[in-house]
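Quick mapping for you: the protein sequence lines, in order, are chains A and B. Sequential numbering of the first sequence, starting at 1, is according to our numbering. Sequential numbering of the second sequence, starting at 1, is according to our numbering.
There may be inaccurate statements among the hints.
In the EDC-like style, the derived pairs of lysine to aspartate or glutamate whose C-alpha atoms are separated by at most 20 Å in a straight line are [what the hints assert, rightly or not]:
(1) B:Lys-220 <-> B:Glu-55
(2) B:Lys-84 <-> B:Glu-162
(3) B:Lys-220 <-> B:Asp-114
(4) A:Lys-36 <-> B:Asp-114
(5) B:Lys-84 <-> A:Glu-251
(6) A:Lys-177 <-> A:Glu-162
Just so you know, these hints were derived from the structure itself, not from any lab.
The residues making up each chain are set out below.
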Amino acid sequence: MTRAIPRWLIVFTGIVLFLMHLPVLVLVVFSFNSSKFAVDWTGFTTHWYARLAEREDIVNALRNSLIVGVTATIIAVALGTLIALALARHRFRGKTLYEGLMYVPIVTPEIVTGISLLVMFVFLRFPLGLTTIVVAHVAFSIPFVVVVVMARLAGMDENLEEAAMTLGADEITAFRKVTIPLLWPGIISAALLTFILSFDDFVITSFVAGSGSSTLPLVIYSMVRRNIEPSINAISTLIVLATTILLYVAEQLTREKKAHA
Amino acid sequence: MGPGTLWMLAFFAIPVIVMCGYSFMPRGTYGGVDPGFTLEAYARFLHPVYLTILERTFVVALVCTVLCALTGYPVAYAIARSTKWRTLLLFLVVLPFWTSFLVRTFAMIFLMRDTGLINTWLLRLHLIQQPLTMLYTPFAVLLGLVYGYLPFMILPIYASLEKLDTSLLEAAEVLGARPTARFLRVTLPLSTPGLIAGSLLVFIPSLGSFLTSDLLGGAKGLLVGNLIQNQFSTARNWPFGSAASLILMTLVLIAVLIYLRLRLRPE
Numbered sequence: 001m002t003r004a005i006p007r008w009l010i011v012f013t014g015i016v017l018f019l020m021h022l023p024v025l026v027l028v029v030f031s032f033n034s035s036k037f038a039v040d041w042t043g044f045t046t047h048w049y050a051r052l053a054e055r056e057d058i059v060n061a062l063r064n065s066l067i068v069g070v071t072a073t074i075i076a077v078a079l080g081t082l083i084a085l086a087l088a089r090h091r092f093r094g095k096t097l098y099e100g101l102m103y104v105p106i107v108t109p110e111i112v113t114g115i116s117l118l119v120m121f122v123f124l125r126f127p128l129g130l131t132t133i134v135v136a137h138v139a140f141s142i143p144f145v146v147v148v149v150m151a152r153l154a155g156m157d158e159n160l161e162e163a164a165m166t167l168g169a170d171e172i173t174a175f176r177k178v179t180i181p182l183l184w185p186g187i188i189s190a191a192l193l194t195f196i197l198s199f200d201d202f203v204i205t206s207f208v209a210g211s212g213s214s215t216l217p218l219v220i221y222s223m224v225r226r227n228i229e230p231s232i233n234a235i236s237t238l239i240v241l242a243t244t245i246l247l248y249v250a251e252q253l254t255r256e257k258k259a260h261a
Numbered sequence: 001m002g003p004g005t006l007w008m009l010a011f012f013a014i015p016v017i018v019m020c021g022y023s024f025m026p027r028g029t030y031g032g033v034d035p036g037f038t039l040e041a042y043a044r045f046l047h048p049v050y051l052t053i054l055e056r057t058f059v060v061a062l063v064c065t066v067l068c069a070l071t072g073y074p075v076a077y078a079i080a081r082s083t084k085w086r087t088l089l090l091f092l093v094v095l096p097f098w099t100s101f102l103v104r105t106f107a108m109i110f111l112m113r114d115t116g117l118i119n120t121w122l123l124r125l126h127l128i129q130q131p132l133t134m135l136y137t138p139f140a141v142l143l144g145l146v147y148g149y150l151p152f153m154i155l156p157i158y159a160s161l162e163k164l165d166t167s168l169l170e171a172a173e174v175l176g177a178r179p180t181a182r183f184l185r186v187t188l189p190l191s192t193p194g195l196i197a198g199s200l201l202v203f204i205p206s207l208g209s210f211l212t213s214d215l216l217g218g219a220k221g222l223l224v225g226n227l228i229q230n231q232f233s234t235a236r237n238w239p240f241g242s243a244a245s246l247i248l249m250t251l252v253l254i255a256v257l258i259y260l261r262l263r264l265r266p267e
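Next comes chain B alone, as it looks inside the complex (with noise of 0.2 Å):
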């Protein structure tokens, strides 16, 4: 076994297992664990107050997905067909990918806060009378994680649509089918693999985001990330934190597997 492979199993795979084990411990009064066995955590997940905040998560999750592909497509499908600036349009999409996540979700705080610049200029403009309050709502929420991974959509639709065999197209063409009829049976379903892909890149850290809603988002719209946050920050409660990270990595897991499960079926 290599040193990699190693490191992996060392700070990866046995974290995971000690923290799975916590899960199962009762609480340490100053935070960590007391020695025992409990399935206490387990237990108080299923509480109508934390099951509201999973189904919250998933419900955030999954309209940012779709708002993400219904945006993300036509851009894709623009630059996948576009020419001489497919690299420059390519860069525009790359760039935000890998810049800091943190600036790009303060960047959002400078332009909705209330004396922020939005407001500021609809004053101005005598469009509103007062601040719109858009910090701290589940629309800020919405659009800071659709602002965040729209670049993971983008990019593996337009990798589909890349490959397409244009000649197919023309196929279609000669046999008559009009622009809408090739678009929706020829197009369509060949970059539905990245279409799919797209939507697990996005769905998956939605399902897991925390910085976004602990910056842009407000008390009564905890997702999940910030419920385990706060078990090991405030509320002092590791093995409940710890059984929310794990039921966390295993819906994570599920999405993946059934996007295994889309992708391997045959045609």
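Pulled out of the complex, with its shape left as it was, chain A reads as follows (with noise of 0.2 Å):
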């Protein structure tokens, strides 16, 4: 299309995708405020960045947080790339139901999986812990993980794997060969997306946390709750960051994918 964008729409799109990102911006700048009320910018300090790394609780949220979210990510991305293979390699019966259910988890409200997750670990006596929260998120992550490989599997020519196999290759050296590599961009940027959804979820983990087993969310959640202090601007700010590079490396990898199509 040629045809010029009308001006109010540039004004009207620019106003929009500022306001968009405005709050999380203040809170960033107000990060390094050295004014402990937080309104009134009294000078640039690190002073909360350093105050994150002394208390005990955010340390071991953190590490529970990156405990928790290395571990469901290899599980779910393992465990959702061997369903995109079968749901894009094989035909089999009531194959268009499965793909149909493997949405049900998606819209699910967080709510209602955190609660139902719940009731049957305490059913099962299950007690409560990290263990519980990995499988949680294995549990949410699985049909993302789906999603994104399969996207990336649609846009693959099946045929290389047969020319891989009419040239001497057996079915495994033709998908550790051929498959997973082509695959595997696909794969890393589901992996990076997974680890985001893991590290971000509260609603979900707040329900099967045990006592001790708080991540980052949690203890940022009470924080908020008990008193707003700048030291949550900071480790907010940290959490922003990180998302943001993990999310553009997970973007260059799709964009890698559309440039080799």
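Got two chains here, each in a separate frame; can you build the complex from them with the hints?
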């Protein structure tokens, strides 16, 4: 389309996008403000960041979040990729139904997922802790992995695997040397997105975490509830920064897919 | 059956079934349930107090969806028609989509509370005499939801606008359609699938939202999500919480089914 976009539309879009980012930008700026009361700019400081490292609850929570995030990501990506491969490469009875059911966990409200897991763990007398958090995170991440990996598989040429097998590779070699390398960017971007989902999850985690297994969002939530202090801005800034980097890498990987296709 | 499917069965399907079972049992005194069968939890939900909460949740989700559509459509349209800036603009929409919802909700508190940035500046500029009460109001919840879910609306609309065949617009122009007519009779109908998908993606999480109303809303603005959470914390009524969860999930699935009907309907 060569016609110019109406000016009011450009202005409107600019304002909306600006407002979408304004709250977080303000948060970031004020994480460097030396005033504890956070409305006046009284000078630049990294004091609030230093404070974070001193707080044992935050350090512990960060460690829990990382353990949960990495473990859940590895399991969810492995299981989700297998489902995506099965759906893309095989025909079986009830496949459409299966694909449809895959979306049910995505549309289910988080609070319902959290409650149902809590009820089941209590029913089984399974102690709440890091294990239950990992189990929950894997469960809500698998459908996302399936969607992302399937998108990558859709753009992949099935003939390449067949060609490899014609040239004498057995099924496992073809899978290892052809399918996996081609699928790799999709798998990595699924992994990064899963890690973000896991690292940021509050609602589901709040139901399946036991005492002592608080992840970072749970600690931030209780800080927000108790009183608002600049340390929350600092930790929020770090989270936003980490998310932005991970997302940027994931986007780059997806873009590479388009360049090849 | 693969391990992935087993995982989803064990940790998604079975928990929902167990929860369904709990909703038909008598409540235990200290949380949990006692053995037995009762429809008490469902009967309780029919009480006007809870029906009001359900109605409020529905209205809030609907208003949020409409506001997101009105704001998101022009933005999606501008991005779809931009050339040079498209990648950056899309990244700007996708970024909040992935940024911690908790952090973003906290950012709203930081701006809106009585001693927050907005009030301080308005007071300094003598535009107001005393702080505006923004936080803990229905307005804050609605704003928080729109702010939270706007990317869910923009992205699907953008996707359908991007695919739009521009030669159709040229044809309309050649045939004498004015810009408004071209938009209303070509662009808008062809982007309806994106608009419907976006509406679903905003409506569903709004219906089940809990964090936004928990942190930004007042005690009078309780939504179904908060009601459910309360049953598992302070109220200790697990069967009622389970029943409310199932009712919420049913409503969401009905919304999805309506969406599928709309999408699969032949043109």
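Hint check results:
For the hint linking Lys-220 of chain B to Glu-55 of chain B, the alpha-carbon distance of about 13 Å falls within 20 Å, and the restraint holds. Under the criterion of a C-alpha separation no larger than 20 Å, the hint pairing Lys-84 of chain B with Glu-162 of chain B is consistent with the structure, at around 14 Å. Straight-line distance between C-alpha atoms of Lys-220 of chain B and Asp-114 of chain B comes to about 19 Å, which keeps the hinted pair within the 20 Å bound. A distance of roughly 16 Å separates the Cα atoms of Lys-36 of chain A and Asp-114 of chain B; the hinted pair therefore holds under the 20 Å criterion.
A C-alpha spacing of about 18 Å is found between Lys-84 of chain B and Glu-251 of chain A, which places the hinted pair at or below 20 Å, so the restraint holds. Simply put, Lys-177 of chain A and Glu-162 of chain A have alpha-carbon atoms about 12 Å apart, close enough for the 20 Å limit, and the pair holds.
Hint violations for this structure: none, all hints satisfied.
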